[in-house]
Amino acid sequence: MGSQYPQSVRVYLPLWALTWEVAFILLFLFFTSYDTGPLDGRNLQRYHAVFQDVAVMGALGLGFFTSSLRRFGWSSVAFNLFMLALGVQWAVLLEGFLEKSFTVTGKILIKLSSIHQAAMSAMCVLISVGAFLGKANLLQLTLTTVVEVTAFEAVKTAFRHIFNMNQHESMMYIHVFAAYFGLTVAWCFSKSLPKGKEGKDQTATSSSLFAMLGSLFLWMFWPSFNSALLGSLDGRRKAVLNTYYALAVSAVTAISVSALARPQRRINMTHIHNAMLAGGVAVGTTCHVISSPWLAMILGLLAGLISIGGVKCLPVCLNRVLEIHDTCGLHYTFGLPGLLSGITSIMLKMYHVSWTNSPMFDLKTQNMQSTSCD
Amino acid sequence: MGSQYPQSVRVYLPLWALTWEVAFILLFLFFTSYDTGPLDGRNLQRYHAVFQDVAVMGALGLGFFTSSLRRFGWSSVAFNLFMLALGVQWAVLLEGFLEKSFTVTGKILIKLSSIHQAAMSAMCVLISVGAFLGKANLLQLTLTTVVEVTAFEAVKTAFRHIFNMNQHESMMYIHVFAAYFGLTVAWCFSKSLPKGKEGKDQTATSSSLFAMLGSLFLWMFWPSFNSALLGSLDGRRKAVLNTYYALAVSAVTAISVSALARPQRRINMTHIHNAMLAGGVAVGTTCHVISSPWLAMILGLLAGLISIGGVKCLPVCLNRVLEIHDTCGLHYTFGLPGLLSGITSIMLKMYHVSWTNSPMFDLKTQNMQSTSCD
Amino acid sequence: MGSQYPQSVRVYLPLWALTWEVAFILLFLFFTSYDTGPLDGRNLQRYHAVFQDVAVMGALGLGFFTSSLRRFGWSSVAFNLFMLALGVQWAVLLEGFLEKSFTVTGKILIKLSSIHQAAMSAMCVLISVGAFLGKANLLQLTLTTVVEVTAFEAVKTAFRHIFNMNQHESMMYIHVFAAYFGLTVAWCFSKSLPKGKEGKDQTATSSSLFAMLGSLFLWMFWPSFNSALLGSLDGRRKAVLNTYYALAVSAVTAISVSALARPQRRINMTHIHNAMLAGGVAVGTTCHVISSPWLAMILGLLAGLISIGGVKCLPVCLNRVLEIHDTCGLHYTFGLPGLLSGITSIMLKMYHVSWTNSPMFDLKTQNMQSTSCD
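Residue numbers (full-length UniProt numbering), protein chains in the order written: chain P, 1 to 374; chain A, 1 to 374; chain C, 1 to 374.
Because the hints were derived from the structure by calculation, they are not lab data. From a predicted model like this one, the values you see are computed outputs, not experimental measurements. Treat the hints with caution; some may be incorrect.
Copies of the same chain look alike in the list, so a pair counts if it works inside one copy or between any two.
[Claimed, not checked] The calculated SDA-like cross-link candidates involving lysine to any residue, where the alpha carbons are at most 25 Å apart (straight line), are: (1) Lys135 / Ala23; (2) Lys135 / Leu302; (3) Lys312 / Gly96; (4) Lys111 / Asp40; (5) Lys312 / Leu233; (6) Lys349 / Ser33; (7) Lys100 / Thr184.
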């Protein structure tokens with residue numbers, strides 16, 4: 001992702017991006033209008049706060065999170081913003097087209113909640129770009145954004161209709177989806193690229209402070225992300241508390257275990273950036289039903305250990321056997337903890353009947369979530 | 001704005017600043033008291049949130065926004081904070097003196113909303129300082145702060161009484177006012193300064209990441225800025241949505257067109273820092289009346305193109321013909337998009353009668369805004 | 001606090017930290033459950049916002065605040081997060097054990113407000129670590145965290161029962177406690193350490209921008225910190241306003257007086273980082289009762305002067321006479337302004353009777369605060 005471009009990219013990029021923009025503007029002109037219904041002051045405030053937190057996580061958190069790993073930290077932040085701004089517009093349109101009310105009225109009603117939902121969907125592109133940074137130019141990134149947002153929205157809608165999931169649950173598979181989509185794209189790129197690009201994932205001390213800044217913003221605002229789409233107050237309260245405990249434990253685990261995982265006697269920065277977030281990913285699908293902190297803490301502990309363990313073993317098999325070069329450690333930050341989250345969710349549902357009366361898991365609230373959040 | 005000062009500045013600065021502070025404290029002692037009226041919990045929370053967002057934009061966003069362009073990035077952030085803290089105190093007093101209730105009771109009632117209004121007024125100094133950074137010392141900056149805040153408050157009050165504008169509209173001319181006030185001051189300084197100062201606007205990669213951080217905070221919190229002074233819930237909802245769409249489109253435009261505007265084959269950082277914010281400026285005066293996203297998106301697209309076009313053509317005529325050295329690109333970030341915003345607002349008002357029944361523009365709400373926001 | 005460790009630390013640290021984590025998980029398993037009582041949407045939103053602000057201050061503000069002063073800025077941020085995450089878990093448990101309801105039911109009810117209270121208590125560790133940075137390894141920091149949180153909770157509970165203080169007042173002694181606890185630990189370390197470590201507190205320009213970022217976040221979010229534990233709406237409004245005015249004046253004072261305090265002709269960065277926050281510390285205990293801005297401004301002015309004066313005189317006596325090496329200027333940022341805050345509080349209480357009818361101090365509200373904030 002050097003900022004020195006060949007002639008073709010320089011000329012086609014503006015044309016290409018402006019064509020997309022004009023197409024979006026025409027689609028918005030013909031198919032959308034703002035929601036003019038009555039509005040509660042409390043809802044306005046809540047949605048504004050949620051939308052701001054999601055914007056901070058997307059533009060700043062994920063932008064700086066990946067900025068340590070390349071020669072051009074600055075361009076990664078700018079490209080991240082580009083993909084976010086493009087992805088949000090496309091996701092708003094897609095989510096509108098896929099709603100039932102569109103088939104009836106032929107109009108998409110843009111509510112305040114539309115934007116943060118769309119921004120969360122667009123974040124799947126920002127996550128998966130971590131796997132092929134430095135291998136794609138801005139033209140390719142534009143195309144990836146549109147394709148991945150489309151694919152994610154399709155998968156989300158399928159999950160909601162087939163498995164009868166609510167908005168929150170279908171969104172929480174974003175981490176697994178993004179990680180494996182990113183790795184697949186990285187695998188395609190690794191075939192077409194010449195050798196000798198391995199030297200690019202060098203870190204510098206000053207830029208690793210920026211990456212720490214990005215990770216910290218993600219860490220601090222993750223409870224907002226996990227509770228953003230929940231409708232019931234009790235579900236949101238549990239989501240905030242569980243996510244916080246899981247993140248606290250995974251941060252302690254990451255920082256203390258990191259020194260063990262390396263042959264040299266140093267704490268590794270990249271481990272910690274990745275592993276401290278693993279806890280938030282691991283409680284994603286179940287954060288609104290777990291009703292005791294200890295279970296969230298165990299998930300955080302496991303996610304931290306998996307993430308640090310993955311960083312020790314996985315690069316070898318990924319790099320050498322599958323020839324994927326996972327630039328940002330996507331697989332062990334988002335992929336494996338996301339799978340852990342999915343397994344936990346399935347286990348909790350399987351034992352639903354026997355645990356219903358247990359005070360530890362409060363699965364009745366889960367059904368109350370099914371009402372859409374607006 | 002080097003941090004090495006002559007003897008006179010070192011000795012007079014503390015005296016000068018402390019004299020201002022003591023004068024402010026005496027004015028506050030004799031003329032102000034806190035509002036002790038009944039208070040709604042929701043309002044407290046809203047005003048606290050708005051005030052925090054404005055503080056983040058002023059202290060952090062505008063502080064770091066200009067930090068890439070000088071040898072002393074750190075001092076620009078500190079001086080920015082100094083001017084913000086001084087300007088807020090003066091703006092609170094001035095706004096109180098200019099209110100009708102002061103002439104009746106002889107007391108300024110300080111409400112929670114006073115602080116964010118004052119902070120927004122003080123931001124005009126932080127914007128216009130971008131034009132004469134590196135040319136003024138801290139003594140001159142203190143004086144500029146007091147003079148500019150006074151001038152801006154006077155203009156704002158005049159606008160409100162002559163053109164019957166509401167608080168939001170009169171505030172939104174801040175960008176145009178700040179840009180041309182800054183350029184005027186820069187023109188005065190450029191005459192008195194010796195030649196050979198042009199080498200000072202060099203950027204460094206690590207500090208441009210800080211500038212990106214500042215720009216991102218401005219970008220993310222701009223919807224708060226544009227909706228802060230609106231009274232009606234519906235106006236605030238529209239303002240948030242329109243600002244967001246305009247910013248998204250101007251970010252995409254800025255990043256994609258930037259490469260075209262430069263003879264070398266590189267994306268330019270300063271262009272993007274400036275142009276990605278132009279969308280937020282361009283919808284400032286009309287964000288609460290536009291009732292379809294596509295118009296906001298078109299304004300964002302135009303603002304982005306104007307800003308990038310300006311950066312290509314304007315420095316030549318400004319630097320060579322008028323001998324103004326616009327250090328931070330104030331003219332094409334805030335000046336021109338602010339003029340676009342004013343023209344849009346006038347056009348919307350002119351066609352008011354013919355468009356009243358159109359669903360696209362909702363000008364009736366505009367009149368509801370006239371009730372003061374507290 | 002180099003990141004190169006001897007064998008023993010590398011092996012024992014994970015064992016030690018994971019043992020603590022497992023113990024915490026067991027304690028949470030047997031003694032805690034989430035509050036499942038009815039919940040108001042407004043409270044949920046408020047506590048989420050407060051908790052986020054406190055997290056930003058702890059993880060980001062205090063983390064970067066101390067990052068300028070060492071060779072390894074990155075590890076200071078990571079260690080700060082480690083201590084915060086560990087301290088919060090321990091503080092939640094301790095505060096639960098010390099509550100009356102625990103002795104009745106044998107269960108700790110974890111509410112949303114528990115986390116931000118615990119995070120504020122855990123911040124005493126993050127403040128006092130500034131005095132012995134670069135002298136302790138991560139094993140020692142873990143132990144310090146647990147000991148200091150225990151000591152602070154004990155002192156807080158004693159204050160509440162003996163002096164009949166409310167939650168807000170007992171929390172506001174955190175600055176004094178943390179400063180002198182930190183200096184005591186630094187004094188112990190300075191005896192056991194070999195000489196020749198004085199060269200470690202060098203600053204670099206790029207990392208001092210990070211320290212400025214941390215300071216700015218502390219500066220902007222301090223009104224949240226001072227109003228977080230107040231129950232009455234009027235107290236919170238006053239706390240926000242008073243804290244803001246005190247901070248504004250201390251920032252102006254710090255930046256203008258700084259040049260005087262140094263033999264070289266330069267504004268000193270570390271002075272400003274410290275002195276601009278002194279105002280927030282100085283109004284801590286009285287921010288909810290002061291009912292005119294001028295008194296808060298005078299406290300801010302005094303705190304700024306004390307802080308800059310301290311930085312000129314204190315290092316000499318501390319370093320040479322007492323042999324304490326106060327790495328981060330803890331004594332004059334948190335210690336002395338905290339004492340000023342305590343003295344103001346006592347003076348206001350002593351003159352309570354004669355000033356009760358004065359409009360300047362509103363001590364009746366203070367009694368209303370005694371009702372716990374949830």
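For each hint, the structure was consulted:
{"no.": "1", "hint": "Lys135 / Ala23", "in the structure": "neither (28 Å within a copy, 45 Å between copies)"}
{"no.": "2", "hint": "Lys135 / Leu302", "in the structure": "neither (32 Å within a copy, 32 Å between copies)"}
{"no.": "3", "hint": "Lys312 / Gly96", "in the structure": "neither (43 Å within a copy, 39 Å between copies)"}
{"no.": "4", "hint": "Lys111 / Asp40", "in the structure": "both (13 Å within a copy, 24 Å between copies)"}
{"no.": "5", "hint": "Lys312 / Leu233", "in the structure": "neither (40 Å within a copy, 52 Å between copies)"}
{"no.": "6", "hint": "Lys349 / Ser33", "in the structure": "between (39 Å within a copy, 21 Å between copies)"}
{"no.": "7", "hint": "Lys100 / Thr184", "in the structure": "neither (32 Å within a copy, 56 Å between copies)"}
In this structure, the hints that do not hold are numbers 1, 2, 3, 5, 7, in rising order.
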